[in-house]
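2 protein chains.
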Amino acid sequence: MTSTADDPVTLMNTALEQLIPRAHQMGVEFVEMRPGFVRARVPFEGNGNHFGVVYAGVTFTVAEVLGGAIHFATFDVSTHYPLVKSLSIDFLAPGKGPLSASASLSEDEIARIKAAAAPGVKVPFVLEAEVVGEDGTLVARTRGDYQLRPFGR
Amino acid sequence: MTSTADDPVTLMNTALEQLIPRAHQMGVEFVEMRPGFVRARVPFEGNGNHFGVVYAGVTFTVAEVLGGAIHFATFDVSTHYPLVKSLSIDFLAPGKGPLSASASLSEDEIARIKAAAAPGVKVPFVLEAEVVGEDGTLVARTRGDYQLRPFGR
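One line per chain: the protein sequences are S and E, in this order.
Residue numbers for the first sequence follow this note's numbering, beginning at 38 and rising by one.
Residue numbers for the second sequence follow this note's numbering, beginning at 38 and rising by one.
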């Protein structure tokens, strides 16, 4: 995969250090971003707990940041920003190494959100993510309620 | 409040750096621990995001660690350990400063869990937490499904 200074993955990884310093410090890194699909990963190092598995708050984070990333990859960042309203996470298996989280929005859902995103309107959308280990083990599943919000008032 | 080397708050704070280094790095600190009640806090510094509010993953963490703390304060740590199975979090207001999270278990619920905690038995319990700002604003509410698990097999 080639990467230039203005591709969305590079831009978003550069931005993350400023946007969410604590997530950057965990080593969260975006690896795939295109309209309707995003993927991020996080290393094991520094993120383990006393059971030798990735700490729950880190697993939460690598999945939660996908809301901002899919917004950046899919919608108009000059007029709207995303906000997480609630998130539920099911821990399904211990994360014993680096984790990868991915989430997608269907073309129909993207069209619905874009059509609804009039000035002054908050548009709710649901983003479900899967967090997997290097061997494909499903470590966690999340369901987040986000809002696409217009800038200003 | 006086604090000695062997009080549970001091012990738990000393342990956190080893147990969950990433939570310690966020500045998560336990401030009250007694059977059936625990409280932790986290500073704003280093934990903000680009909106100037505490990042969601930090709010999650200061609430989630209460599961381990209430176990330590309430149950037998020599025979059982706690495990989080799922957690849902509602973000109700922006956290614009340091946050404090608290959770409690009723005497009846403690009695139920202790009675059920036979060797070889996993005992599910629910822990609800509230995360508030310094002015008492309710910033987030969590509901976690935990298990009290016996060591060994």
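By construction, these hints were calculated from the structure, which means they are not laboratory data.
One should not assume that every hint holds.
You can't tell identical chains apart in this list, so a pair holds if it fits in one copy or across any two.
[Unchecked claim] Only pairs whose alpha carbons sit at most 25 Å apart, straight line, appear in this in silico BS3-like list of lysine-lysine:
1. K159 <-> K133
2. K122 <-> K159
3. K122 <-> K151
4. K133 <-> K122
5. K151 <-> K133
Inset, instruction - Pop the pair K151 and K133 into one bin, within, between, both or neither, using alpha-carbon distances up to 25 Å. - result: Answer is neither: 39 Å inside a copy and 30 Å across each miss the 25 Å cutoff.
Legend entry - Intra/inter-copy verdict for K122 and K159 if alpha-carbon distance must be at most 25 Å: Only inside one copy: K122 and K159 sit 12 Å apart there, 32 Å across copies, limit 25 Å.
Inset, instruction - Have a look at K133 and K122 and pick one of within, between, both or neither, based on CA distance no larger than 25 Å. - result: For K133 and K122, only the inter-copy Cα distance (16 Å) is at most 25 Å; the intra-copy one is 29 Å.
Inset, instruction - Since the copies are identical, ignore which copy is meant and state whether K159 and K133 lie within 25 Å (CA to CA) inside a copy, between copies, both or neither. - result: For K159 and K133, the Cα distance is within 25 Å only across copies (22 Å; inside one copy 39 Å).
Legend entry - Intra- versus inter-copy proximity for K151 and K122 (alpha-carbon distance at most 25 Å): within (19 Å within a copy, 35 Å between copies)
Against the hints set out earlier in the document, a violation occurs for number 5 only.
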